[in-house]
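Please arrange chain P on chain X, whose structure you already have, making use of the hints.
Quick note, the sequences are listed as chains X and P, same order. Residues in the first sequence are numbered from 82 upward in steps of one, following this note's numbering. Residues in the second sequence are numbered from 10 upward in steps of one, following this note's numbering.
It is worth saying that the hints were derived from the structure and are not from the lab. Some hints here could point you the wrong way.
Listed next, the in silico SDA-like pairs over lysine to any residue satisfying Cα-Cα at most 25 Å (straight line) [to be verified]:
| # | chain 1 | residue 1 | chain 2 | residue 2 |
| --- | --- | --- | --- | --- |
| 1 | X | 315 | P | 71 |
| 2 | X | 135 | P | 71 |
| 3 | P | 410 | X | 146 |
| 4 | X | 315 | P | 69 |
| 5 | P | 220 | X | 128 |
| 6 | P | 406 | X | 145 |
| 7 | P | 60 | P | 319 |
| 8 | X | 135 | P | 103 |
| 9 | X | 135 | P | 104 |
| 10 | X | 185 | X | 300 |
| 11 | P | 410 | X | 150 |
| 12 | P | 311 | P | 118 |
| 13 | P | 410 | X | 127 |
| 14 | P | 410 | X | 142 |
| 15 | P | 410 | X | 129 |
| 16 | P | 410 | X | 128 |
| 17 | P | 160 | X | 218 |
| 18 | P | 286 | P | 163 |
| 19 | X | 135 | P | 312 |
| 20 | X | 135 | P | 100 |
| 21 | P | 410 | X | 343 |
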Amino acid sequence: MAKSRASGRPFRLFRNINAKLAAIPMILTAMVVFVGFSAWTITYSFTRSRLLPKLDFVGLGQYERLWASDKWLISIQNLVIFGICMLVLSFVIGFLLACLLDQKIRFEGVFRTILLYPFALSFVVTGLVWQWILNPDFGIQSIIRGMGWQSFTFDPLNDGRIVIFGVVIAALWQGTGFVMVLMLAGLRGIDDEIWKASRVDGVPAWKTYLFVVVPMLRPVFVTTLVIVTAGIVKVYDLVVAQTGGGPGIASEVPAKYVYDQMFLNQNLGQGFAASTMMLLTVAIIIIPWAYLEFGGRRRG
Amino acid sequence: MKASFLIGATVTCLAGGVQATEIEVTHWWTSGGEAAAVAEFAKAFDASGNKWVDGAIAGSGGVARPVMISRITGRDPMGATQFNHGQQAQELVEAGLMRSLEEVAQADGWRDVVHPASILKSCEIDGQIYCVPVNIHSQLWLWLSNAAFEKAGLPVPKDWNELVAAAPKLREAGIQPLVIGQQPWQAGLVLQNLIAAVAGPEIYGKVLSEKNLEAVDGPEMAKVFEALQTARELSTGSNVQEWNQATAMIINGTAGGQIMGDWAQGEFAIAEQVAGKDYTCLPALGMGEIVSTGGDAFYFPKVDDPAITKAQEDLARVMISPEAQVAFNLKKGSMPVRGDVNLDAANDCMRKGLDVLANGAIVEAQDQALSADASTQFNDLMIQFFNQPDMTTEDAKAGLKDILEFDS
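Next comes chain P alone, as it looks inside the complex:
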């Protein structure tokens, strides 16, 4: 891994005059499905006469991003690099370290093909487009284990409220009603979901995107905090760390439900589970037609070499091309960033997501709405709430207001 990383770096440096078509692409997609998905991009890019040098960084975004950032700020840039679109790379752009893709975007009419438009908006800083969005991951999903409800002798819930009502029976049957992994971001997802589902997309936008403190005090948010309290009761006793361990509990029927992004589908697919039969997926906790537009994007550091600059443009074009979008997103289990492609091979849950994306409400993901600083604090606040039974919803509300106030 490390060796390939170093070789990649050397190749980019040497590539200069001789064979300028090699560019190194760093990303943190290393799990089975992710690696298969990114290989589709590599294939398509190689077919355009260039050479993709893979710079995968193991770990997660939290591990990979510091490496990427330090290489860019240390003037040892790669050809292209993944970030979550939103505010993660904003300062790098502002410091003039990233190149603008405005010309390519205008020439190819990205603003017309990318759907929803808010995705491209996240790439835009001062009217210039700085990244290629490659996929949409909605983080607003509730995953339910059909086997668990069968064991408890209950019908599979159709929304959050039914899950709450079913919880005592699940406990009796020795089943964990709601499983939440112990990593802070997973707890953050829960509040994000509850705001979208219980308070609705409008309040979600007011609270997270506009950071409106009055909305936090409003009656809708009071219901959200009540639901948060319930979620804590439902999740008491869940001790797993990683999100996929939690998903494994849904798969083997030891837990009733999990709130997680649509990447959980990959786990169900590997376990050969069938949507609707073995597990059930509910967008926005089954309480509305809402998706959030989190996802990944590629940014291109500024380099002087014209050959590399040209290859960067080629790569940007490849990534957003309809063919690569379909091939990549089918493997990744995410939704394409353009509405004009055909995803016949998508499974039931993904189709549900695509429907909502086409017709329902769309909200910003946490990474888009909040800065990295606020986002991490938001997650820390939630993981603390879920682990400290004596922390009241009033404390959580005050904490949330502090974070939003500091970030605006």
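Chain X extracted, bound-state conformation:
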């Protein structure tokens, strides 16, 4: 900014004109696809649209039905549990694994590949694999019972109270490797001088990690947070493949609610209302954060 003022160009609009022209298609896409279609969706969420969109307004009717629906309330509850578990556990486990790999161990490449491998699988495959692993008749439960512990019971997918944790296990298995790799990249970017300095001062390694390295990794954490959170909000295929929303409606999630309403119930209005609520929730979380993260810096 300071530089441009020094050069004293009168029209800021024409500055860097090539780059601006090049960005126009993307800006248009973003405006039409994201802003335009979101506005369209929000408008139609106030209508009685069934199979086809119709401008037959019912006010807040769709929202009243949405918030009276057990299925939706359970979806929200599941998303919160799933989100918190995923964020906390994938960060903690991912960071620990990254620190362990960072100890200049032998065969690091092999371990990294093994740990990252599940990330190469789609959620559908992950869901099916874990559906089998958690199946009481031929998964973990039967193996442990086979080893002699007859009373062992581990059957999360058939118990509505804990089924969402079964989904969390599968999601962690799939996603933690990726978090680990991001963190590892961050750790590798830490200057060796810092390690030397802390060693000279006699600070234990764990303290250096916690109080020196973690604050320095802030940009990596933010990137990871955005990626993991986006994955949490849109979780759909994993649930469909692993539990189908069951048992009963115990593992429903909002994205599945939207799809089911739009295509199974043939009730577009209700689906739009639910997706608008999802957008609103994300906006409530993202906007203050983005304001703090980017807005503050520009002023400073």
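Quick look at chain P alone, frame taken from chain X:
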């Protein structure tokens, strides 16, 4: 699969002037018996000088319908497409996207040959017929495993009440008294069956077809909700997902009974089980002579090409012809939509169904009575009931009333 789908689409588009007799037909019949059945239609249609281009969509109706609907609304229509007759395609018709078959129906006198008449009524919107019904699937059946009852040392029950009475003994013998798959529609079937069997066809019509809320509060429905509570107790511990996995438990004798539509017969046939000897089928839970008239129908999207329009009419005529009806329904395990055909090759259970269809009470299937929205909510309510032991029958009743009120 996908490739054939795309080729099918291209062929329909190109077919225009040159070889206008090819039309693409989309459907979701992909299991062994279903594919064999639909091949009968293809054969008969090809024999009429046209060409059937198969557009099977794997998955179930829930997967296939969104694809079909988006192709029709996206102005890339196929020549003909399957739906369950009832309200699934109603809005497409109202939006003017489907063609009326009224002329063909009048010329060929469909209103006289189709039995029961309610089937054709489901195809009728504003006095015009928009679809060809091809089969009837009754969803009101109880399937029992003879082997399971033998193992528990009990006679095979003759109705629902006897199954309930036999349940404790079955449990003792390590047998699941009633198996219900974890998909919502299977739980929905249970309530549908209980209403028809326990409260009777008249109340069934009042509740589901007329959406009469007073009937829901009536004494007959109170018995239904009691039976629903019992069904939940009987089904506790059943963990299978798919309906055919549940049927497999009946076949191998690890479960006593399953409430399922007559398509379950296909599974028994593949396992080479004999009706009456290995398994028993009871229409309307053995408590009455009732069938429901669910089933499949073909709809024809509106197209401008006269050659395709002509081929659509040919296809409609083929599908409802007596020969194709017999060939198709024998393979599909469903009942024909016309009473004037001869089904000598039908097995015992199907014959029972045909008898009831001819002489007994006929009620609308869920897809006919309720909109897709209400129907899905109905199923969700039931799967929730079966999985939440703390949900009372009062909750279920209130939920049902909400759904019916919203739909009427």
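- Message: Which constraints among the numbered hints does this structure fail? Numbers only, ascending.
- Response: none
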